[in-house]
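Turn these sequences into a full structure, and let the hints guide you.
In order, the protein sequence lines correspond to chains A and B.
Reading the first sequence from the start, the letters are residues 1 to 521 in the working numbering.
Reading the second sequence from the start, the letters are residues 1 to 335 in the working numbering.
Calculated from the structure, these hints are not laboratory results.
Just so you know, not all the hints are guaranteed correct.
Claimed, not checked - According to the in silico footprint, chain A covers these stretches of chain B (three or more CB under 8 Å from chain A):
#1 34 to 48
#2 66 to 80
#3 83 to 94
#4 187 to 201
Unchecked claim - Listed below are the simulated DSSO-like cross-link pairs for lysine-lysine, each with C-alpha atoms no more than 30 Å apart in a straight line:
#5 A/K308 with B/K52
#6 A/K208 with B/K184
#7 B/K47 with A/K308
#8 A/K349 with A/K171
#9 B/K191 with B/K179
Note that the structure is a prediction, hence the values are computed from the model and not measured.
Don't be surprised by glycine CBs; every beta carbon is placed ideally from N, CA and C.
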Amino acid sequence: MKQRSAISAYPVLAILALLVLVPMLSLVTISGSAGDDSAFWQSTYLRRVVSFSLWQAFLSTLLSVGFALIVARAFFQLGEFPFRNLLLRLFGIPLVVPAVVAVLGVVTVYGSQGWMPLGRDLYGLNGILLAHLFFNLPLAVRLLLPAWLSIPRQHWQLGEQLRFNQWQKWKHLEWPALAENLPGVILLIFMLCLTSFAVVLTLGGGPKSTTLEVAIYQSLRFDFDPARAVILALLQFSLCVLVALLSLRFQKLPEVEITQSTQVIAQRDKSRWLNASIVITAAIFVIMPMLAMFMDAFSGPILSVLGKSDLWQSAAYSLIIGLSAAALSVSAAWLLLRTSSDLAFANKKRAASTIELAGQVVYVVPPLVIGTGLFVLIAPRFDVFDWAIPIVILINAMMALPFAIRTLGPPMRQNKARYQRLCQSLDISGWHRFRIVDWPILRKPVGLATALATALAMGDLGVIALFGTPETTTLPLYLYHQLGAYLMSEAAVTAAFLLCFCLSVFWLLEKLIGGHSDVTY
Amino acid sequence: MFQLVSRITLAAICLLFSFHTFAQKPVLTIYTYDSFTSDWGPGPQVKTAFEKQCDCELKLVGLEDGVSLLSRLKLEGKNSRADLVLGIDTNLTADARATGLFEEHGLSAGNTTLSERWNDDLFLPYDYGYFAFVYNQELLSNPPTSLKQLVEDADAPKILIQDPRTSTPGLGLMLWVKKVYGDKAAEAWQKLAPRIVTVSKGWSEAYGLFLKGEAPMVLSYTTSPAYHLIAEEDQRFAAAEFSEGHYQQIEVAGLIASSEQKPLARKFLSFMMSETFQRIIPTTNWMYPAALDASKLPEGFNTLIKPANALLFSDEDVARNRKRWVNEWLEALAQ
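Here you go:
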């Protein structure tokens, strides 16, 4: 029986394309007199910026994903252990930390007065890689771990019977499960590192460490050259598309068909101590900068900061923005993935991956460019202050989309692979299918995706400052205001509050939407 | 259920419109930077004080910084909702003038306490400051006494600075070095390079790193120690006085030509030059008020260094050369 795949992805992709292109066009149109820019495009400066952006993003991705494979494998092989779920939840947090706070945290640990001083070696590529590892290693672990958990128990038993050694297990059991997800994860981390700005500039030690994102900011702000900003943004975008295409080429398509549900099984062998020490090392690495942030907060004026009504008001705004952005983002991801999982089921895996990657690459279009472009469109016609919050939500939803796709994609495909035929033979479809089959299985990843997207949007400074809405402050903006007013110790308290707030919202959403289950992805 | 939803929607719509329709008082909209409007900035006090005497509503819109103020104006053009812009500095006034969006303020700037006589028809200064390297006196006993010493003495202390492409103090230092070294600025930067620990995106990052002990000196303002002294009762911090003089930053306000509230806007400008406004500035914006007698400054400001020589390029010079000088800076440091 030939089934047509869902078409829900195409309207979403069309809207995304419009959201990227229309603001860019509107920016180009206001540029007016395009000065002679040929010198800039041929300058060694631009070449240096492009090659540095790519080089640091490549190294950061390589290290983050490489270590994450080792750590996620150790996590899997250890099975259940005390604090496992708490640890994994903490691993979801670094991404939410505003860049300045993360830099200060990293410096508290590795700075010249730090706990493990690296001295001046910190500033330069080392510092950039350290900070990017701190942000992305835990994320990659969380995104990769489900791949291991999806390997059927029978495969392991078969592996045992065939007396597979570690290498054979990796090659025949683990790699096929990973291969489908790896390109998406690599692309996501690569995009995160490529667009890194404040971290790269501050820990990079000087203008040698300039990324394209800096050049875009400079063009739009100090030089007020919107056309140049748009072209640079397009350049960054094409670089990412290139990486996406490359990663697709190297994608080995698994031949394994997943048939049975699985459960965590501990691999009880001699490597248990090795795995434990890998997990502990990773945990220390991730927790140390966060601990530093909390220690700064504890020595700060906790009560007076928490007593301010403005703090709570901005927390409320952040929560509203976060939840709305997450709802939008997860819905969009769901619609995209319906199509891609249908395509994957019909064995058109390349087409499926292309749709997912297309949904992901919007991340590299700088929010500043989209926000400014939308501003140009809206300002002459409407009161921009009424539009600020919806636009902030929209942009945050776009920026959270790749995370939603990465967390929801693999389980949605598996779900399709496992139950599509059964549903067809029992003639279950539409709402019934959603209620009886899809939701019970997918609510957990949906919970995770929603939690992640909410936390991301809540921690993001975003474009709210672009609109300058009076009386609306988000929590990260409030934090930046404190930092700008010499209130470093107050800011430390706010940062810790932001982290706790994000962590609780994360936990609550995962529980509420995801329901109870013993396995944390 | 449906009824409840529709009622809430109706209530929300009414509320939304009530703000627009029933606001009887005229509204004066000022675009400024967000450290001005934040809780800790001058904004809240300025709003209360002005609303007491104007029978109007003061709407302060806080944007990221002076640069984003200017780009916001360029984006909005003639449709700008601003009546006034407050917070661009003299590095940007030539650009701002060129937009043609401003109108003459028509006020006398006779009472300013700036070192030079102020004669700009479009912009009025409300405060000013000097860039300086701030250090902790307990950790650094003999700071350099001149920019030349900082640049040329290989044993001079390490520093944290900001990027002129993204930050106002960063641009200030670049101009400072240019003022002192002229054509030899690039060489000066190369000499200084080994002692620059890092170049941050904005002021906050560099200052935060400085307080974490990453370098003994940070680029900030001569007034920074006053914050620690007055707000934190911490006497350890000081600004190093350089014999060549210090680069100056003057912050100004200007009237938008398309404003429909010009009389009110002019009223605000003269309020801005009055003692009430000027007295709010020192301990909220941590700058020198531009029209307040030194004797009226809060206690603690008398302990600050007072540069003998204020260095400043004309706004046209900056507008004409900024891109070239930034590129020169980039080339010097990127090698």
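For the region 66 to 80 of chain B, do at least 3 residues have a Cβ located nearer than 8 Å to some Cβ of chain A?
With 9 residues in contact (Cβ-Cβ under 8 Å with chain A), the coverage given for the region 66 to 80 of chain B holds.
Hey, B/K47 versus A/K308, does the alpha-carbon distance stay inside 30 Å?
It holds: about 20 Å lies between the C-alpha atoms, which stays within 30 Å.
Holds or violated: A/K349 to A/K171, with C-alpha atoms at most 30 Å apart
Given pair A/K349, A/K171 holds - Cα atoms ~21 Å apart, limit 30 Å.
Okay, the region 187 to 201 of chain B and chain A, do three or more residues pass the C-beta test at under 8 Å?
holds (count 7)
8 Å C-beta test of the region 83 to 94 of chain B against chain A, three or more residues:
With 0 residues in contact (Cβ-Cβ under 8 Å with chain A), the coverage given for the region 83 to 94 of chain B is violated.
Run the distance test for B/K191 versus B/K179: straight-line Cα separation, threshold 30 Å.
holds (17 Å)
Given coverage of the region 34 to 48 of chain B by chain A, checked by CB-CB distance under 8 Å (3 or more):
holds (count 7)
For the pair we were handed, A/K308 and B/K52, check the Cα-Cα distance against 30 Å.
Distance of about 25 Å is within 30 Å: holds.
Do the alpha carbons of A/K208 and B/K184 lie within 30 Å of each other, as the hint requires?
The given pair, whose Cα atoms are some 21 Å apart, holds under the 30 Å limit.
Violation of the numbered hints given earlier is confined to hint 3; every other hint is satisfied by the structure.
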